[in-house]
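Enquirer: Top line first, the protein sequences correspond to chains A and B.
Everything in the first sequence is counted per this note's numbering, starting at 57 for the first residue and increasing by one.
Everything in the second sequence is counted per this note's numbering, starting at 6 for the first residue and increasing by one.
No wet-lab data here; the hints were simulated from the structure.
These numbers were taken from a predicted model, which means no experiment stands behind them.
Where a beta carbon is used, it is the ideal one built from N, C-alpha and C, also for glycine.
Each hint should be verified, as a subset may be incorrect.
Straight-line C-alpha distance at most 30 Å; calculated DSS-like pairs for lysine-lysine [stated by the list, open to error]:
id	chain 1	residue 1	chain 2	residue 2
1	A	K181	A	K244
2	A	K422	B	K187
3	A	K536	A	K522
4	B	K118	A	K468
5	A	K454	A	K316
6	A	K422	B	K152
Simulated coverage check for chain B against chain A, where a stretch passes if three residues somewhere in it have a Cβ under 8 Å from a Cβ of chain A [as the list claims (entries may be wrong)]:
id	stretch
7	86-98
8	150-162
9	176-188
10	202-208
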Amino acid sequence: MRKEVYDVLIIGSGHSGGMAAKMLTEAGIRCLMLNAGPVADISRDAERLPASNLPYRGFRPPGRLEHVFQSNEFNANVWVDEQEVPYTFEPNQPYNWVRVRLFGGRSLFWSRQSFRLSDYEFKCKSHDGFGEDWPISHADLAPYYSRVERIFRVSGALDGPEQMPDGAFILDDDPWTPSMERFSDAAKSRRIPVCKQRRALGVNGLASSVNLLLPDAERTGNITSVANAVVREITIDRATGLPDGCNFVDRISRREMSVKARVVVLAAGTLESTRLLLNSGLANSSGVLGHYLTDQIYGAGLVASVPEARGRNGAKIMGGGAIVPRFRNIDAKSDRFLRGYAFNVSSLTGGLSPRNFTAYGVELEKMLEEYYGSGFQMTIMGEVLGRYENHVRIDREKVDAWGIPVLHVDAKYTDNEYDMAEDAVQVGSELCESAGFEVLSSNPTPNPPGYSIHEIGTCRMGDDRKKSVLNKWNQSHDHKNLFVVDGACFTSGGWQNPTMTILALSMRASEHLASEMNKGNL
Amino acid sequence: MRRRDFVRSLVSLFVAAKASRAQQRLNDPTLPPPAPVPWTLGLNSQTPIPMSEQADEVASAKLSFFTPLQMRTLTRLCNVLLPPLNGKPGAVEAQTPMFLDFLIGSSPEQRQKVYADGLDWLEETAQAKCKTGFAQLDDMQTGEVIKPWLRTWMSDHPPTEAFAYFINIAHDDIRSATVNSKAWNDVPSVGAEPKTEEGIYWLPIEPDVYGENPAYAHMSPHMLAMPKGGQKIPIYPR
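Model the full assembly from the supplied sequences, consistent with the hints where possible.
Expert: Structure, rendered in structure tokens:
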């Protein structure tokens, strides 16, 4: 029987777990990291191929990954298999839970958009009366955002309005292309801000935990990592009632194992961390564990064409992209919905999708040639309100491939989200038309909840232990040596991609934890 | 006995006993025969990799999901929506109808129903309008059936009306299957002609044998690895 007790057990190896590992090990703390999936080796596990060499010609293999819209035949083997680790939902309320269990998690594949939350999100209740304020403000997190932005090499311009705070960017001073200029002018006439995109450049083309965070932890010699370790439950010290490690099962051999640690840090991804707490019977004296699940509405938007760029005349007109940060409910109050949405704007230089034309055969080919290089696309990212009813719980009827009870997800959008999406398509169409663009297709209906892969909440942080799971340091109100550093900690959402905030919160929580441990308080 | 003779007799006794045990091992049918060389001798990064082709490039598949009438309708639909153009193969030349028979036949029931109902609807509409099957309609007649249902759409939101859903989804599938066929890839694309999709294909990464089918979730790997049909696997005591 091994007697070794690690200082900190970190469960999960994505952005939040990687950041926790880096900060803790650099502070001299010995960590054990468990990851549920294998280590991916691109040189061994992948090869570049044309779809014509694949059995399904690039189509998603039938019957697999029905709720991963992002999947296709090329990437089908990187997502969590819905049969291996199932989850349940009501038939009329589908939820798209998109998961990666490779070492590094979803940090291997994210879209890199890198925004800070503003006090319109941190202090949302103070602004419009709905939900709860976070126990921290942008000022509390700003120094950590800056450090994260430098690690991830975020490019952007210092052009953000109050609702999109600027950061420590690699400055993007490229001029707008003429098509973007025209769009920007049309937006400014309606006092809608158009800003440069903010994107993590990373290093050598990758902005992941596996290349930007974990190597730093490994250099300290203070981390031990185990792959294919599917955590079954967090264990409790009977004498103190505090978490003291976990039981896990080896994914391949099914061998049951256990480890001990003085502190447990959950970083398994929002819903897996919450599932683990629910299955372990921990951290729920408030009764809100699993509640206030939120994400962002995606899928609504439009495709337009810039007439002057048609007929292969787009070389000097098209190209570039922009972010239109939230503009609703900032200065004036909308009578249709609370909060707001952002637009991702792209001036396209390649071919347009045939879906934009009601034609086929020869006629379609002529249109595709005529419109080539003239596309202009707007898609939305909208805030989903944090509601108690949107929650996850354990489904006692079903277990995964290792006998671990699965999650039941009960989440749906309301009129607030649907009205927001409709408004976005209407405003986007008006902007394109006033810029002189032709709108070819549009969609006002959001994709199912979960699609954005930005699920957050369910372990919300707050000052009131009766209304929250974690305190402002991502520490359980109920168990002082239990921390949750992934997106589960969000008190509420926003229009912004959550990754920068997850990283900054994990950095801040981990530094606090290291400080407390080194002082002997934990 | 001199000391040298004593040692020699001991050695010969030991060798005889060892030879006897070796003979017994050779005669024991439950043990594997000794290999003359290690099995993997000579396998290294220089080992040539045999060239092979996709099966559907050299062989035909049997119609497995669509009825013969549905397949005739689908073939005509493929020919109408994506005919051969500018030296590029059309959907029929790219074997797209038979590929869709395989793809849709392997798909969940809901998707199968969209195609089966949609093809039946095309046939019924052709019979009602033109007193002949869809496969026999000329280009103008097929246009009269199809064009009223064409819609523009984006992302994951095809039109919701039943026939428009089928026509637009089928159009999308037929184009994708054709563009991603070997026949299309073999002919260089010019202008706005789409290119065969190319990307990083991820092999199964330490696949978990339990995940393939929940019905086997209770079984151990060595049980799953057993050949079907009740053959006995020899057991070698260790």
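Enquirer: Looking at the structure, which of the earlier hints fail to hold?
Expert: Nothing - there is no hint that the structure violates, so all of them hold.
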